[in-house]
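Visitor: Okay, here's what each chain looks like letter by letter:
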Amino acid sequence: GAVVSQHPSWVICKSGTSVKIECRSLDFQATTMFWYRQFPKQSLMLMATSNEGSKATYEQGVEKDKFLINHASLTLSTLTVTSAHPEDSSFYICSGRQGGDEKLFFGSGTQLSVL
Amino acid sequence: QKEVEQDPGPLSVPEGAIVSLNCTYSNSAFQYFMWYRQYSRKGPELLMYTYSSGNKEDGRFTAQVDKSSKYISLFIRDSQPSDSATYLCAMSSALTGNQFYFGTGTSLTVIP
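Going down the list, the protein sequences come from chains A and B.
If you're matching positions, the first sequence starts at -3 in the working numbering and goes up one per residue.
If you're matching positions, the second sequence starts at 437 in the working numbering and goes up one per residue.
Only chain A is shown next, with the shape it has when bound in the complex (with noise of 0.2 Å):
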């Protein structure tokens, strides 16, 4: 199946500070992204859609200044958590879907612990 590399695979911060989230499709060009948040033991929660060159889709609830998305080209896309708290400790993870193509690869994940 197709590579989407994401990194880092785990950051600790201090409350206040912000911290980027890399998410790279290796061989196959994403048109669409998708940013996902996923607590211990839940499913995954949707967070935003991008297509790319376009703003991103926030799913109701998620905080559009906190979470910058930005998704300039077919390969990279970026979740920027800003002014970083504790509640926004959780695992993120990135999808990739190529155009045309139903299915999904995801990354391995961001384990993100805000102190």
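Rather than coming from a laboratory, the hints here were simulated on the basis of the structure.
A virtual CB, placed ideally from N, CA and C, is assigned to each residue, including glycine.
Mixed in with the good hints there might be a few duds.
PhoX-like, lysine-lysine: derived pairs with alpha carbons at most 20 Å apart [to be verified]:
#1 A:Lys16 with B:Lys478
#2 B:Lys503 with B:Lys492
#3 B:Lys503 with A:Lys37
#4 A:Lys99 with B:Lys492
Pair by pair, the computed Cβ-Cβ distance ranges are [said to hold, decoys possible]:
#5 A:Asp61 with B:Pro517: 42 to 48 Å
#6 B:Ile547 with A:Ser79: 44 to 50 Å
#7 B:Tyr487 with A:Ser50: 24 to 30 Å
Coverage of chain A stretches by chain B, computed from C-beta distances (three or more under 8 Å per stretch; other residues unrestricted) [as the list claims (entries may be wrong)]:
#8 26 to 40
#9 93 to 100
#10 103 to 111
The hints should help you fit chain B onto chain A, whose structure is shown.
Guide: Just chain B now, with coordinates in the frame of chain A:
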């Protein structure tokens, strides 16, 4: 009613057993059906992908789709301890645009 229903388990089986995982759905427009395996603190990995109804086999894994009953299954033969993970079903349709609908996941433990 949720779009996709999946029993969260947990499911515990002895090594070598046949495992059956299932999802039901409500939207008859779904055409694409996927099963993902997720290990703890890792991203989901695509295991099986099926278009429309029918069966698909890949090694020890068999995916079945019954669109008339809105029911999909994943069978794991000769289960191994390394199969211990959470299994997520997912589905989509050309009519639902960029939306993918996930089950809540079933936690499976294969006991040596």
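Visitor: Hint numbers the structure violates, sorted upward?
Guide: 3
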